[in-house]
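Visitor: Taken in order, these protein sequences are the chains called A and B. Residue 1358 is where the first sequence starts when you use this note's numbering, and the numbers rise one by one after that. Residue 350 is where the second sequence starts when you use this note's numbering, and the numbers rise one by one after that.
Because the hints were derived from the structure by calculation, they are not lab data. Each hint should be verified, as a subset may be incorrect.
[Unchecked claim] To spell it out: a stretch of chain A is covered by chain B in this simulated footprint if at least three of its residues, at any positions, have a beta carbon under 8 Å from a beta carbon of chain B; those stretches are:
{"hint": "1", "region": "1647-1653"}
{"hint": "2", "region": "1656-1668"}
[Said to hold, decoys possible] Listed next, with one range per pair, are the computed distances between beta-carbon atoms:
{"hint": "3", "chain 1": "A", "residue 1": "D1550", "chain 2": "B", "residue 2": "G441", "range": "43 to 49 Å"}
{"hint": "4", "chain 1": "A", "residue 1": "R1508", "chain 2": "B", "residue 2": "R530", "range": "20 to 26 Å"}
{"hint": "5", "chain 1": "A", "residue 1": "V1466", "chain 2": "B", "residue 2": "E516", "range": "48 to 54 Å"}
[As the list claims (entries may be wrong)] Not the full set, but computed from the structure, chain B residues with beta-carbon under 8 Å of chain A:
{"hint": "6", "residue": "F417"}
{"hint": "7", "residue": "P440"}
{"hint": "8", "residue": "G441"}
{"hint": "9", "residue": "K443"}
{"hint": "10", "residue": "E516"}
{"hint": "11", "residue": "E518"}
{"hint": "12", "residue": "T519"}
{"hint": "13", "residue": "V524"}
{"hint": "14", "residue": "V537"}
{"hint": "15", "residue": "P540"}
Note that the Cβ used here is the ideal one computed from N, Cα and C, for glycine as well.
Here are the chains, one letter per residue:
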Amino acid sequence: MHIEVKRLNKTFGAGTPAVDDVSFGIARGRLIGLLGPSGGGKSTLLRMLAGLEYPDSGEIRINGQRVNELAPQQRGIGFVFQHYALFRHMNVYDNIAFGLTIKKEKKTVIAARVRELLALTGLSGLEKRYPNQLSGGQRQRVAFARALAPRPELLLLDEPFAAIDAKVRKELRTWLKQLISQLGITSIFVTHDQDEAVEVADEMLILQRGRLEQQGAPQTVYERPQTPFVASFIGHSRTLEAPQRLRGFDGAVTAGGSAIVRPEFVEAGLEGELSHPSASEPGTVRHLFFRGTHLEVEVELDGNRLLANRPLDRPPLQVGDCVQVLVHRLYVVEGETVRLLDNPLKHDPFPVHI
Amino acid sequence: MKGSKSRRVLPGFGLSMGVVIFYLGLVVLLPIAGVFIKTAGMSLSDFWAAVSNPRVLASYRISFLTAFVAAAVNLIFGPLIAWVLVRYRFPGKKVIDSLVDLPFALPTAVAGIALTSIYAPSGWIGQWLAPLGIKVAYTPLGIMIALIFIGLPFIVRTVQPVIQELERETEEAAVMLGAYRLRTLRRVVVPELVPAMLTGFAMAFARGIGEYGSVVFISGNMPMRTEIAPLLIRTKLEQYDYAGATAIAMVMLIISFAMLLAINYLQWRASRRVVME
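For reference, chain B alone in the conformation it holds in the complex (with noise of 0.2 Å):
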């Protein structure tokens, strides 16, 4: 940690750490401590009034709940995508490699109105799923699929890397002990990948959870049902209940916190083999 004591070849720690300290608490420990600063002006008892609300709860079940679901559906599809994209040629490739990006860039807004005229009962897919008793839009599931949507370039982007890095002859050692494609992928592939399949996961999960914009269209906003805590935030606020809507934000930042603190130690503990000295 201490940078100044021995003499380095490369300066300019102090400056450097300074700007990053700086940088991070204007960007973003400003806004959260806001969050934490106007909720302290509530009585303990109006705290807990507001964030054991039953509508509250529901609220952070569905964003917990689909959010995680999105990220681990990502977390088996994203990583094949990467696959795909970095070990075979085929024409359009690069077609997709971008494609995989348009989450990123589309507005979330529109993502979420075509995803919800797609998946309505009078939709493209809607229309063959709601014979079958499918419903899409309107329901958790929904949520779900506008998150898996938001989710999935960050996964294919933590783990393409990785992959591009793998040694070629680490497989083959494999192959030489006797070992086929699918034990190969499972007990020498995959393990060099869980910690970048971890970091894509967290970064995935915790966009879910704040996603907002993509997913109003496609729930419905059915209070106890499909009503994410994000929008509950936003209700709070246009009835000017502003100590309520940082109530609940402040609970959600705090789960989610412990959230990612917990994967980024998982993280850290499957990466300690396999850093590259």
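Isolated chain A, as found in the complex (with noise of 0.2 Å):
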């Protein structure tokens, strides 16, 4: 493991832990996914790496060596602030140069990797400019350039997208999968977008309240969440308040027990569009979302309200229309855990009705 993490914790002041008893491990090379709601200790737990903030207790490793009494210049960290933090003073050649001038390297070392960085992040020419006369997304590059620049072993990066427009942050995003995955730097960045994380992310850790909740693939922690938090938190899911009258799950779940679907579970036609019309119930339709891809439909059943993807190429729906509705499988939640739950009623060849 090129990084461990055993049992921190980080308490500010006298509140809620900001950090509680997070454990984890992280292979060499792999690009990480920190992902949870604001507020979650995602920050927190990163900045403790980078050695800004001291942990209460617990242990942090780097290269099996333990690194919590080394101070954070020495820990050979590269780290990007969500905002910037260039040095508006001076222009991006002395931004990119800074930590290597403070390793007092030679002068035409430095300018040799400066010119390489200013290539690799596509800021040749604009080595004279000030900070403030670069866009978002260039000073953003400026800004993993200047981290990049003493070879770190380790990446951190706080947010890295969060302060940039939709367009240029999802061609940064690309673009840092690329660029990590060229120099095979291990690397962590922070968000609270899921999607940013699904998409860039090797691997992910889910952050909620200070605890890590699981640790995985990206879509192994899509299909297959360990925690309640993480089977809500995870795609477009709903809690359901009342799974117990679902058809098919009558049996399965028990009153008061609570379930969690998506979306992609549950599909919503007229008659005899369904694939498994007996597994199905009556519902309306309450409101219609168009997602570009496909449509995304509320509809209300006894009880509950679910949404159901619906492919473009099917017959239009109306607000108010009388639809079947067939779920094919929800998370069941049971204590700390959730199980995935088939709807029964597909695999019985031969329903019987009384």
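Join the two chains into one complex using the hints; note that each chain is given alone, in its own frame.
Guide: Given below as structure tokens:
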């Protein structure tokens, strides 16, 4: 393991813990997305790895060596801040060269390294500019280049795209993923945007209220959430009020228990469109949301409101229409864990109706 | 400059600019014009004789030199005080914060008398300095101490808001790039403060040149040694030599104006880079 964190704790003042007994390991060269709602302790965790905050207890190891007592200057970590934190009185060249001049590298070595990074980040020709003469995307690239210049072993990025507008953000994140896999540097980035984490990360760490909920590849986390929080946080999930009233699930979910369902688990269509009519039940269309690639239909059933995905090539629906609704599967919440449950009626070849 | 041609949502350029010009004219320009008009009544040779008298030249030297040194000393300690007031929390912070403004509020004569009695050879501090051969009261050193006292709030109050707005992230970025405290301060923090420090310096310096009340008590007013230019002007007035007084004043005005202009230019150059967009 390149980075190991063991039972890390941090509380500010007398409040609730910002980071609560967090342990994980990261292999060399991985790109990690640290995902969670705002105020979940993501930034605090990142800052403790960097050495900008001191943990109350627990251990941080880099390459098997304990770094708790090591000053941030000595950890060999590159850090990209949310608001770039560029040195405003220095031009692009001096910003990127800063870490190298601190190391007292030779002028020629510095010049070569800065040129290399300017080319890598597509900033060649802008070295004489000052930060206030650059666009947001360019500034963020300067911040990357500056953090990468001293060849850190670990790159930490605190909400690196939060301050950039949507279109540039998408370009930048594709660019960043390529750049990092090209350099092979272990990286951790903080985000509250799950699309960003899913798209960019090799592996996700999901943090909520200071606790690590789940670690895993985006697809694994998506398909096999381990906790009710992850199941409800990932995807366009909805928590159902009365899951036991759904057709097919009446025996599987106890009354008062809760369940989480995603739009892609639900099919809503006119009579004859559905694959398992015997497992479906009637509902009323309440809202229609156009999502570009598909339609999201909000349907009201007996006691539940569900979202269902619907391909655009099917006949159009109107608000108020009566439709058949089929819930293929859902996540049943069982205490601190969740279980994926397929609709039992789908597998019963001869359903008996009494 | 032209406000009337393009349509604006926020109105009032013409009116407010008019008021500004009228106000500045009345409050600032008119008295200064008086100085020039009064001086214009002198013949050129009289003027030259009045302003190039060795005693007058010595007083210019004392005034500008002590004001410069005092502002320079405050340039080191003023930002430090501002830094401590912004960055740290400690009991009595509000009291210290108010203490900084006292030199603004205290009648300057009171300050002068207090400083003199402390630094006189028999005073609280003076009695310990006297055996070491250090004389403060009645020397240029005493004038500097009075001007340091007077000029301190100018620099603290101009630098303080800038420190308040410094992003902590910028310093942390320097730390993550391997810079320790001193280097972070020198290469990242101080360059951001330079424009404000220059402004504060200019204000403290200008105030020091014109300061009269606090200085006359501690300086001893010995011609050629500790006589400041404002005092000399007053002396001339008491002798009904109005033209001579305004001639000295005019030379001081011109020198001060040139210096402020130069400092403002430096300040403009330094702030060009760090202007927030």
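Visitor: Each hint should be assessed against the structure and marked as holding or not.
Guide: Tested hints:
Here the region 1647-1653 of chain A counts 0 residues with a CB under 8 Å from a CB of chain B, which misses the bar of 3, and the coverage is violated. For the region 1656-1668 of chain A, the stated coverage by chain B is violated: 0 residues have a C-beta nearer than 8 Å to a C-beta of that chain, whereas at least 3 were required. Range check, D1550/A to G441/B: Cβ separation about 45 Å, and the 43 to 49 Å hint holds. Hint check: R1508/A to R530/B, Cβ distance near 24 Å, so the stated range 20 to 26 Å holds.
Checked against the given bound of 48 to 54 Å, the beta carbons of V1466/A and E516/B, roughly 30 Å apart, lie outside it. At its closest, the beta carbon of F417/B sits 26 Å from a beta carbon of chain A; the interface hint therefore is violated under the 8 Å criterion. About 18 Å separates the beta-carbon of P440/B from the nearest beta-carbon of chain A, more than 8 Å, and the hint is not met. Hint status for G441/B relative to chain A: violated, with the closest Cβ pair at about 22 Å, above 8 Å.
Because the closest C-beta pair between K443/B and chain A is about 22 Å apart, greater than 8 Å, the hint is violated. Proximity of E516/B to chain A holds as hinted, the smallest CB-CB distance being about 6 Å (cut-off 8 Å). Residue-level restraint check for E518/B holds (minimum Cβ-Cβ distance to chain A is 4 Å; threshold 8 Å). Interface restraint check: T519/B against chain A, minimum CB-CB distance 5 Å, threshold 8 Å, status holds.
This hint holds: V524/B has a C-beta 5 Å from the nearest C-beta of chain A, less than the 8 Å allowed. Nearest Cβ of chain A to the Cβ of V537/B: about 6 Å, under the 8 Å cut. The hint holds. Interface hint status for P540/B: upheld, as the beta-carbon distance to the closest one in chain A is roughly 4 Å, under 8 Å.
Checked against the numbered hints above, the structure breaks hints 1, 2, 5, 6, 7, 8 and 9 and satisfies the rest.
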